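> If you want the building blocks of each chain, they are given just below.
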Amino acid sequence: MKFLRIIFRNAFRNKRRTILTILSIGMSLFLISTLRTLLTSLESPPLTPESAKRVVTRHQTSLGAMMPVSYREKIKSVPGVDDVTATQWFGGVYKDPSFFFAQFAVDADRFLEIYAEARVQSPDQAGCFKRERTGALAGVKLAKRFDWKVGDTVTIDSQIFSVKAETRICGLVDGGGSEATYYFHYDYFNELLNNAGVAGTFTVKAKSPDDLTAISTAIDDMFRNSTAPTKTETESAFILGFASMWGDVRTLIVSISTIVLFTVVLVAANTMAMSIRERTGEIAILKTLGFSPGSVLSMMVAESVVIAASGGLGGALAAKFIFGSVDMQMLSGGFLQGFFVQWSTVLMSLGIALIVALTSTTFPAWSASRIPIAEAVRRRGE
Amino acid sequence: MVAVEIRNVSKIFKKEAQEVVALQDASLDIEAGGFLCLMGPSGSGKSTLLNLIAGIDRPSGGRIVINGDNIAGMSESQLATWRNHTIGFIFQTFNLIPVLTAFENVELPLLLTKLTRTERKEHVDTALALVGLKDRMRHYPRQLSGGQEQRVAIARAIVTDPLLLLADEPTGDLDAHSADEVLAILEKLNKEFSKTVVMVTHDPRAARHATVTRHLDKGVLLPEGVSA
Chain A
35 MKFLRIIFRN AFRNKRRTIL TILSIGMSLF LISTLRTLLT SLESPPLTPE SAKRVVTRHQ
95 TSLGAMMPVS YREKIKSVPG VDDVTATQWF GGVYKDPSFF FAQFAVDADR FLEIYAEARV
155 QSPDQAGCFK RERTGALAGV KLAKRFDWKV GDTVTIDSQI FSVKAETRIC GLVDGGGSEA
215 TYYFHYDYFN ELLNNAGVAG TFTVKAKSPD DLTAISTAID DMFRNSTAPT KTETESAFIL
275 GFASMWGDVR TLIVSISTIV LFTVVLVAAN TMAMSIRERT GEIAILKTLG FSPGSVLSMM
335 VAESVVIAAS GGLGGALAAK FIFGSVDMQM LSGGFLQGFF VQWSTVLMSL GIALIVALTS
395 TTFPAWSASR IPIAEAVRRR GE
Chain B
6 MVAVEIRNVS KIFKKEAQEV VALQDASLDI EAGGFLCLMG PSGSGKSTLL NLIAGIDRPS
66 GGRIVINGDN IAGMSESQLA TWRNHTIGFI FQTFNLIPVL TAFENVELPL LLTKLTRTER
126 KEHVDTALAL VGLKDRMRHY PRQLSGGQEQ RVAIARAIVT DPLLLLADEP TGDLDAHSAD
186 EVLAILEKLN KEFSKTVVMV THDPRAARHA TVTRHLDKGV LLPEGVSA
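Protein sequences, first through last, are from chains A and B.
Everything in the first sequence is counted per our numbering, starting at 35 for the first residue and increasing by one.
Everything in the second sequence is counted per our numbering, starting at 6 for the first residue and increasing by one.
To be clear, the hints were calculated from the coordinates, so they are not data collected in a lab.
Bear in mind the structure is a predicted one, so any value in this text is a computation, not a measurement.
Hints are not guaranteed to be accurate.
[Said to hold, decoys possible] Keeping only pairs whose Cα atoms sit at most 25 Å apart, straight-line, the calculated PhoX-like set for lysine-lysine is:
#: 1; chain 1: A; residue 1: K36; chain 2: B; residue 2: K223
#: 2; chain 1: B; residue 1: K126; chain 2: A; residue 2: K36
#: 3; chain 1: A; residue 1: K108; chain 2: A; residue 2: K241
[Unchecked claim] Interface residues of chain B toward chain A, partial, derived using beta-carbon atoms under 8 Å:
#: 4; residue: L55
#: 5; residue: I61
#: 6; residue: K119
#: 7; residue: T121
Glycine included, C-beta positions come from ideal geometry on N, C-alpha and C.
The shape of chain A in the complex, shown without the other chains (with noise of 0.2 Å):
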């Protein structure tokens, strides 16, 4: 403790050096936490009871190709189905492609049942939405943002399927994700591509949680030698699918915080040979003093410590301040969910932080505390 003091004052001697690379460090662990939370996000969706229950039914090819509508009775059939809704991705834009959020055609008469944890607000609107054949719901984040009311028409044109939805809004609906995207009838789309028969991917509701793997299997394998298999995964496993067609997300994420992270040691041992090297007079002066080559090591990785981790500390919680503050759910149009920092990635920042202090520092401070003091004094005029 009593070399507390002695520690801050030389961490802070070069206010401007410090604060820089407090700075860099700062803003590398603010990147770093992005990148895990957009991870944990992708990988690990907030679970619900109801979620629990699903698994999403796909092409086994890939996401772009469809299956035929019929496969929904078919599936239905499976023991331990308990309900199916057709869930069509739309791919549409509302006036202006920068105005992007997630657009559903699903079984009207199905869709409240499955996500349960949807909450339309009123059985009135839910009524409506059922009955009317371009009937939608509409997210209340996306009705704040669109400043849409019950009853208005909202036309979406799709760069999918080169076609306009023309709806109107029946209810607003909240929850369970649901806040930033839009549902209209699948039978509507249906009819829009001229009964063409097909659906990207189904969703499906078990009776049980215990179900779920022994539903996949019977599904898969029910379609298996079919002209369109089938792929049925957890429905985090399929929005991981869902962003992996950018790319191998996991790899990149991690590929690019690697480089960062390497990117600040380096950057941090620079400074902290640049301050320990203009020491080497005051290193000879503490070891005269009997200050043994381990305590002054030890005090010249303490200081590296004490930066580094302002900076991780820092940038880990301006991280979750700022998303904690920020509507992520929104800015991606409905896609990441559960966009928080966790107080486990800001004590990993920190853990980073420490590493990268006893990385950058070790070397030279080990190097500085063994100089003969007879040395470091004849150098330190130099």
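Add chain B to chain A, keeping to what the hints say.
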């Protein structure tokens, strides 16, 4: 009583294939409570001898016994602890840690002891009072004159109450007035507090404060009364 016993000590620096003899077969006894001045031209080996006595450099041959301890056989860590207890060293320049106040600079060697915070404060107050700088204890080195800085360095050197005070050209960078102040303090510490002082200097005026003066020339310690 002999405080420092130096027997046949030599120091050879190796630079690539070349060997430079900095000190050759030096033998010397320094009495406890004595004030020895080492003089000689640049490169004569006087600072080398001082560094060897302080245990901050190791001899190539010979024996150095200080207060009964043969320091040649000590490890780095043992030497560090020994220096803390036994030696007070004053450099010519770059003596204080710039980010610490005068008080904190003087307190530094005490951080390695088991003294409490209050006890450390008492020791530092006493040492700074002795060099006449108690009113400057909160000042940083940049806020002090060269002479005041050197007096703080003396306070730091004596704060652990060491047996030996070693000064390497302590007045080399000071004006005449400040130099006189520093020399007066060293003389006071020798006469009133019975500290054994070894001082290296070029300055014959400074040497007048010592009780014994020895000269070195080209690494050879000349007999008493002989100068280069």
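> Does each hint fit the structure? Answer for all of them.
Right, here's what the structure says about each hint:
Our distance criterion of 25 Å between C-alpha atoms is broken by A/K36 and B/K223, whose separation comes to about 45 Å. Simply put, B/K126 and A/K36 have alpha-carbon atoms about 13 Å apart, close enough for the 25 Å limit, and the pair holds. In summary, the hint linking A/K108 to A/K241 is supported, as the alpha carbons are separated by about 16 Å, within the 25 Å threshold. Hint status for B/L55: violated, given a least beta-carbon distance of 10 Å to chain A, over 8 Å.
For the restraint placing B/I61 at the interface with chain A, the shortest Cβ-Cβ distance is roughly 4 Å, inside the 8 Å limit, so the hint holds. Using the Cβ-Cβ criterion of 8 Å, the hint placing B/K119 at the interface with chain A is not satisfied: the shortest such distance is roughly 11 Å. Look at B/T121: its Cβ only gets to about 10 Å from chain A, farther than 8 Å, so that hint breaks.
The structure shown violates the earlier hints numbered 1, 4, 6, 7.
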